[in-house]
Structure formats: C-alpha cells, structure tokens
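Heads up: the protein sequence lines correspond to chains E and P, in order.
Count the first sequence with our numbering and you get residues 1 to 361, in order.
Count the second sequence with our numbering and you get residues 1 to 361, in order.
Treat the hints with care, since some could be wrong.
No copy labels: a pair is met if it fits in one copy or bridges any two.
Restricting the straight-line Cα-Cα distance to at most 27 angstroms, the calculated cross-link-like pairs of lysine-lysine (DSSO-like) are [to be verified]:
no.: 1; residue 1: Lys253; residue 2: Lys91
no.: 2; residue 1: Lys253; residue 2: Lys147
no.: 3; residue 1: Lys135; residue 2: Lys50
no.: 4; residue 1: Lys191; residue 2: Lys30
no.: 5; residue 1: Lys30; residue 2: Lys149
no.: 6; residue 1: Lys253; residue 2: Lys50
no.: 7; residue 1: Lys30; residue 2: Lys253
no.: 8; residue 1: Lys135; residue 2: Lys253
no.: 9; residue 1: Lys30; residue 2: Lys91
no.: 10; residue 1: Lys149; residue 2: Lys191
no.: 11; residue 1: Lys135; residue 2: Lys191
The hints are simulated quantities; they were obtained by calculation from the structure and are not laboratory data.
There are 2 protein chains.
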Amino acid sequence: MNLETLETPALVLDADIMERNVARLRERLKTLGVPLRPHVKTAKCDEVAKRALEGQPGGITVSTLAEAEYFAARGVRDILYAVGIAPNKVKHVQDLRRRGVDVTVVLDNPAQASFVSDLPCLIEIDCDGHRSGVKPDSPSLVDLGRKVKNLRGVMTHAGASYNCRGTEAIVEMAERERSAVVTASRRLGIKDPVVSVGSTPTAHFARDLQGVSEVRAGVYVFFDLVMAGISVCRIEDIALSVLATVIGHQPEKGWAITDAGWMAMSRDRGTASQPLDQGYGLVCDADGRPLEGVIVKDANQEHGILAHRSGDRARLPHLPVGTLVRVLPNHACATAAQHRAYHVVRGSSAVEARWERMGGW
Amino acid sequence: MNLETLETPALVLDADIMERNVARLRERLKTLGVPLRPHVKTAKCDEVAKRALEGQPGGITVSTLAEAEYFAARGVRDILYAVGIAPNKVKHVQDLRRRGVDVTVVLDNPAQASFVSDLPCLIEIDCDGHRSGVKPDSPSLVDLGRKVKNLRGVMTHAGASYNCRGTEAIVEMAERERSAVVTASRRLGIKDPVVSVGSTPTAHFARDLQGVSEVRAGVYVFFDLVMAGISVCRIEDIALSVLATVIGHQPEKGWAITDAGWMAMSRDRGTASQPLDQGYGLVCDADGRPLEGVIVKDANQEHGILAHRSGDRARLPHLPVGTLVRVLPNHACATAAQHRAYHVVRGSSAVEARWERMGGW
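Can you make the complete structure from the sequences, with help from the hints?
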C-alpha cells in the first residue's frame, strides 16, 4: 500500500521523524538526569508509547481512564491520571488498582481529598495561573496535604509555556515550573516525594531540573505548528500530517478545495494567536515538502479551502484536481483525535503499517 | 442507569427535544410540498436517522463514504455523497452501487466529469460564494453539463446562511439558494432533474420552494448555540449536551474547573463571531436549565474553565466539587463527533438507551 492508493482524508505518521523526536527528548533528559513519564494523550497508541518508553522506567501519564484501561490491557503497570479526580471516577480507579495497576490520581482541594479515600495522590500545583492547582506558597497547601491520606507528592504543568515568545521565555517558564513543585514538595515534607513537572516546551528548554523526580510530555512525539511557532521544533520535525485530495477550484478567488475539512484537521486554530497564523494547517506536497505560503485558510466539515496566505491568487501553485497534498496540523493532539488510525510512512509514500488509535472516555 | 452514575464527560441526547425538532421540519416541508433528504453527517447514528426519515422517501445525504457504508449496511438504498468526488473514491462508489446502493456523486469541474465515468452525478451550484460549485449563470455550466455522462441534476448548499443576521436575511438566502438551482437546472435542460437545496437555516425559513425537488438538512435534529444565535431555534430546542463534573475552583478568578475540555466539546468556536460569544459552550444544571450567563470560557484537552461571561467572579453560582453540569455545544456536528455514543434521556436524568455513533472515513 502507498499514499496514492488510500482514500482521503487519511492521517499520516512519518515514523522516522517521530523516532528522531523521541530520541531528542530522551537524550536531553538523560543529560539532565531525570526520567520521562510520557503523556500518551497525544498519540493514544501503543506503538507510539512503546517507542517513547524506550530507556524509561515504564510509567505513563494519561488524560482519561479510557487511556488507563487501554494501556493497562497492554501491560503498563504505573499510570498517573493527570486530570483532577471526579467522584464518579473513584470506583473505576479502585478497580484498576485491584487489577494490579498502580494508578495515581491528582487533586487540588479538600473535597477531593475526602472522597479519594486511600488512593495514592499527587497535589496539583499552579505554577503559571493557567488552569488548576494550588499556588506553591499558599497557606492552604499544607492543610490540604494533611487531609490527603496517601500523598505521594506534587505535580504541575506549565500550560502557559505554549504562549511563550522566544526560547528564553521557555527557559524561564521551565524554572518557574521546577521551583513551584520543589517549593511545594519541601513545604509538604513528604519522604521520597514524586516531584513531577512537564510540558513539551519546558521539557526541551529546562536548564536544570534539580529536585524534580520525573518529566511529563506528550506532543513532542509528533510536534506541530504551534510548537514550531514558538521555536520548540522546526517545520521538518512535524511527524503528523493529513493526506487530502484537491477536488476543485475557485480560480477567481485563488482557492483550491480539498476533501480534508475540520473533521480531518480538527477545529483547532492554535496558531491564530501566533505571529504566523497557519489557518487550519500548512500545506505540503505529497512527499511532505511545504508549498511555500499555502495554508488551509478555511474549513467546513469535509472541505478544506487552500489559499496563499497573502491572499494573492497568483501565488497559489498549480494543483490540478486529484493532486494529493499533506497538511501539517496546528495541534497534533487535536488533529490526531479526529482519526481512528495512523498510516505509517518513513520518508517515502510506502505505507508500512496502520496503527490503530484509541479514543473516548 | 441515570446521569449521576455515568463517568464524565459523556454526550447526552434529549430524545424528546430531538423528536420535536424532527417533527418541526417535517411539518414545515410538508406545507411547502418538498421531501427531505436528511444529512446524516451531524448524528452519524442509525437511531437518529430512522426518526428523521419518518414520512420521507428514504434517501439520505452523507459527507463521507464511511457514512454511506454504515447506512447501506442498515438498509438505506438511496445516498447522495455531497462532497465533490475525488479520484481515489470512484472505485468505492462503484462497489457500493454494485451492491445495490444508488449512490449519487457531486462535481463542479470537467476533470471530475472525466474520471467519474458513468456514475450518476449532480452538478454543484455556487449560490453564495462560500465554497465549491459553479455559478448558476456561468458560461461553463452548460459545457460541464455536456461532459457529464450521467447527469441527474443540480444541488447547492447555502453555507453562508450560518452567518445571516436576522431571519429576514435567512429568508432572502433561501430564495437565493432556490433560484440558483432552478436557474441552473433550466439552463442544463435535464428531463425530471434532481433540484436539491439545503442548509438548516434556509430549510426553516424558505417561503417558497417552487422548482425544488428535495431539501437537505442535518444539524436541525439537534440544533446548537450557533443556530440559536441566528434565531433558527431557541436555547431550549438544543437536544445535545455534554455532561461534566466540577473538579475544582480558582475562586480569586471566578473559575470552576470541569472534566470536559475541548476533547469533549470540540475546538469549535462558532459563536465567537456572533453578537453573543458562548465560549466553548453554555453551561446548564444537570437537568438542562441554563445557569444564567455561565459559559465554558476556555478549554484544555480534558479541562473546561467555567466562568460568568461578564468576568464578574461574584456572579459564578456556587458549584461545589462533584456538581454535574450539562454544556450546550456551539456546533452539534463538531461536538458529537468527539464522542462514540449518545446517552439518551427524555427530560429526566434516567438514561433510557445508549446509541452508538459511527465515525472516520
């Protein structure tokens, strides 16, 4: 099978690029002396997770209990469920634990502490104000720590790093992430605590991870346009693309229409707030080489509208009906979630495997 | 089973509301004397399509060949594939036809006319400049008609009706849609042509469908905030919601955090360009009653951030950890696509059925 024989749209994964990305973070964290607990929410695929786990202790991070079930069924025994625990999920976690899977949950308030009973917990620390968590210097932190029966440590996620401009800002954010959990952990006074940090940007730019026991990252396996937009990767490091076919044109507007709309790309417009807005994706030829300046400027459910970003219709290259293009995604997690499987290539158009994804809750 | 026993997030469908929506359009089109060819891309579910097909001829509209396969396997024999045909899909359509399924394809250019061979075709007409299609008065239309071996008629979709302000604008758009295909059909001179129009807004406000042989609509079965924002429905006509649990707070910001992020809501921000921006969704209590002014103001993959739209933290109601909320979606097609099944209720919290959805390509 090769890309020319697939029905479009189809999700394409270049495994050479992915393996290079995985090796890059592995080498980096080896130098810093901290193990990786990969976040499997991006790929939701055993074949990808296996590669990310090479040379690591074997624990993973999940964003849903459905991910926990899927990876537990494939032999993973150490799982951090990194979304604040809800009462309707406690039984499910207990059930996973009864089956020998060491699931740790996350919380940031006393109500959660009361209903999690003796489940092992990390307290979520807020290092950047972007979402959940207790501030590392909050008076309530130590009180909360006393209320948690089985406290293993602390975790934080510098989600605000996605909005950093320039790598120096990411270096600073990484240090904020580190110092937040190290401070919190010291105040809580746990013996041999888990001190967990992570986001793809900070994992790649932290200069020092003193006091940190593990790093979490997910999107780094594939990278995407948002990551390229903040210089965490280059365009050629993006392993994921959506194969699409040109089905028509509106020449007077400088449009080519494809069969990959938002259902195939997702509605994610993460580059809209970056200096270079990539629309719904950056358009490449069938070999994955960017067509200079061509983006998916708009999308309907199963239609993508390609145009030159300048709006100059003369700058749209000749793309006859039937032409295959590959579209790089704004956000790998969101685009991959629209698909049931990866069509795996290595630099060429030969599809060497189909890797199924899981989904749902 | 009831909503309180589900793990969240979960997609909830109020079947009473859906059946009311289906009856509304059925009655309306009966008065106008035109049958409905429901677009199944919104629900992607046999149970919903069955209800939409009551009292109709039995043909459906699909946006993917995977939908065509799914509905063919469930007995549907008349299918319009309403996305411009790509060369890599011709064999699949031929195969469906060999199995007794009357699949019609859509095209708007001579390249497609050459590779579709003798597949039955509709020419797509551009009534509003929003996407694909030939202008009804274009000199190229008649030439294209001559090149299509098996031409059944014309179709158009007034996607621009989603951006109408006020119902008078939708009435005008419906007439533009009608006159575009009627003009095109007359110019093509086909005997007993298919003359197909459709969008949820125009279907509900067309005053006259003279010369039209069928109407297509999809989102009307569920409705959503975008449709409410242009007065096609009321908030209480929205049949779809996402059940979520409050997992924490940031009181100094006026935030409640839930376990329904963009993975559960989709990244669709369709109301962002409307007068009333609903964020990632309008928040209701567990019975589906809107919490005045509370929206999902931001979303991460598995986290939703609830806040009062005014930004006034005092106006966020008391929502203790563990509280169930139901979030109405911006765009039903996009939100439903993030889920594998509907949890069916009828006004109360009792879940009377689980209806599976299909997806992919």
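Each hint tested on the structure:
For the homomeric pair Lys253 and Lys91, neither the shortest alpha-carbon distance inside one copy (56 angstroms) nor that between copies (31 angstroms) is at most 27 angstroms. In the homo-oligomer, the alpha carbons of Lys253 and Lys147 lie at most 27 angstroms apart only across protomers (24 angstroms), although the nearest pairing inside one protomer, at 63 angstroms, exceeds that limit. In this homomeric assembly, Lys135 and Lys50 never come within 27 angstroms of each other (Cα to Cα): the closest approach is 34 angstroms inside a single copy and 52 angstroms across copies. In this assembly of identical chains, Lys191 and Lys30 lie within 27 angstroms of each other by CA distance solely inside one copy; the values are 24 angstroms within and 73 angstroms between copies.
When the C-alpha separation of Lys30 and Lys149 is checked against a cutoff of 27 angstroms, the pair qualifies neither within a copy, at 33 angstroms, nor between copies, at 64 angstroms. Taking the shortest alpha-carbon separations for Lys253 and Lys50, neither the intra-copy value of 46 angstroms nor the inter-copy value of 40 angstroms comes in at or below 27 angstroms. Taking the closest pair of Cα atoms, Lys30 and Lys253 never come within 27 angstroms of each other, the shortest separation being 52 angstroms inside a single copy and 39 angstroms across copies. In this assembly of identical chains, Lys135 and Lys253 lie within 27 angstroms of each other by CA distance solely across copies; the values are 13 angstroms between and 51 angstroms within a copy.
With identical chains, the CA atoms of Lys30 and Lys91 are never at most 27 angstroms apart, being 37 angstroms at best within one copy and 51 angstroms at best between copies. Taking CA atoms no more than 27 angstroms apart as the test, Lys149 paired with Lys191 passes inside one copy only; the shortest distance there is 14 angstroms, against 78 angstroms between copies. Within a single copy, Lys135 and Lys191 get their C-alpha atoms as close as 21 angstroms, which meets the 27 angstroms cut-off; across copies the closest is 73 angstroms, which misses it.
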